[in-house]
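Q: Residue-level listing of the chains:
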Amino acid sequence: MSLGFFYIAAAFVIFGGLGVVLTRNIIYAAFALLISMVGIAGIFLLAFAEFLALVQLLIYGGAVVIVVLFALMLTRIEDFRNLSDNKQWPLAGVIALCLFAVLAASAIFSPVPTFDREGVGISELGETLFTYWAVPFEVASLVLLVALIGAVVLVRRSDHNEEVQEEGQE
Amino acid sequence: MIELLHFQVLASALFCLGVYGVLARKSAVLILMSIELMLNAVNINLVGYAAFRGFEEHHRSLGHVLVVFVITIAAAELALAIAIILRLYRNRGSVNVDKIELLKG
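The listed protein sequences derive, respectively, from chains H and V. Residues 1 to 170 (my numbering) are what the first sequence spells out, left to right. Residues 1 to 105 (my numbering) are what the second sequence spells out, left to right.
Heads up, some of the hints might be wrong.
Claimed, not checked - Using C-beta positions, here's what the derived DEER-type ranges look like:
1) H/L3 to V/H59: 25 to 31 Å
2) V/L103 to H/E50: 43 to 49 Å
3) H/E50 to V/K104: 46 to 52 Å
4) H/I27 to V/I84: 19 to 25 Å
5) V/R87 to H/L57: 29 to 35 Å
None of these hints come from the bench; they were simulated from the model. Note that the structure is predicted; figures quoted are calculated from it, not measured. Quick reminder that beta carbons are idealized off the backbone N, C-alpha and C, glycines included.
Using the sequences and the hints given, assemble the complete structure.
A: Below, the structure is given as structure tokens:
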């Protein structure tokens with residue numbers, strides 16, 4: 001029964017991922033990413049990681065896909081309905097297939113001892129996160145702050161320095 | 001019955017899709033999306049191990065904590081990468097990574 005649900009969620013993940021890497025329309029790729037992320041949230045639920053499933057939906061389904069769509073809107077990629085791939089895409093496919101063969105074979109032929117599926121409760125997760133991992137947690141908040149400031153500084157339409165440069169080019 | 005093996009194979013398939021996307025796509029935004037796929041493949045693996053390895057109470061949640069950190073770092077990385085892409089578009093008028101060859105020898 002649960003295996004059926006797993007296959008449904010895995011189909012979401014895999015077909016979403018295929019959509020991201022294969023589709024010709026870049027907007028469809030963004031929505032395929034959304035489908036894939038929803039599938040991953042389902043996988044997390046099947047592993048009894050309900051908090052992570054919620055976070056996955058909120059962060060990826062909500063924030064990341066929207067940010068990517070904004071990036072697509074702001075960059076106006078040349079003929080976005082008909083993207084082409086690199087010249088080396090067959091080589092990329094071979095590399096990806098080989099990597100998959102190696103990874104899957106190593107997972108299949110060296111099984112690790114497993115036990116029954118067992119989840120981690122939200123309270124347990126919070127306790128660990130805020131006692132054992134409190135310092136890394138705070139550092140992560142610092143990383144987010146730095147990324148925020150860095151992003152603002154990078155995209156700010158800047159001072160006359162650049163205008164002079166542009167005029168010089170003209 | 002779900003096994004750990006299912007999670008491992010699914011994670012490796014998703015990771016390889018991401019690798020293919022990074023290598024074969026031209027647009028920088030699509031490469032970014034493929035990187036997100038790879039990060040999520042790692043997350044699936046971590047959650048799978050946390051659920052199936054039967055660690056003690058104290059150690060079991062570490063996998064989930066790592067996933068929380070991966071998601072955090074992925075969000076920060078995405079914001080910075082989008083900023084860089086916008087900058088690139090403003091300066092060069094294109095986000096095609098094949099056309100950006102300033103460092104080509």
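Q: Given a hinted range of 29 to 35 Å, is it respected by the beta-carbon distance of V/R87 and H/L57?
A: The hinted range 29 to 35 Å holds for V/R87 and H/L57, with Cβ atoms some 30 Å apart.
Q: So the hint says 25 to 31 Å: do the beta-carbon atoms of H/L3 and V/H59 match that?
A: 27 Å, holds
Q: Quick one: are V/L103 and H/E50 within 43 to 49 Å, going by C-beta?
A: Roughly 46 Å apart at Cβ, these two residues keep to the hinted range, so it holds.
Q: Would you say the C-beta atoms of H/I27 and V/I84 sit inside 19 to 25 Å of each other?
A: With a Cβ separation near 21 Å, H/I27 and V/I84 satisfy 19 to 25 Å, so the hint holds.
Q: Check the following: the C-beta atoms of H/E50 and V/K104 are separated by a distance inside 46 to 52 Å.
A: 49 Å, holds
The structure fails none of the hints (numbered hints given earlier).
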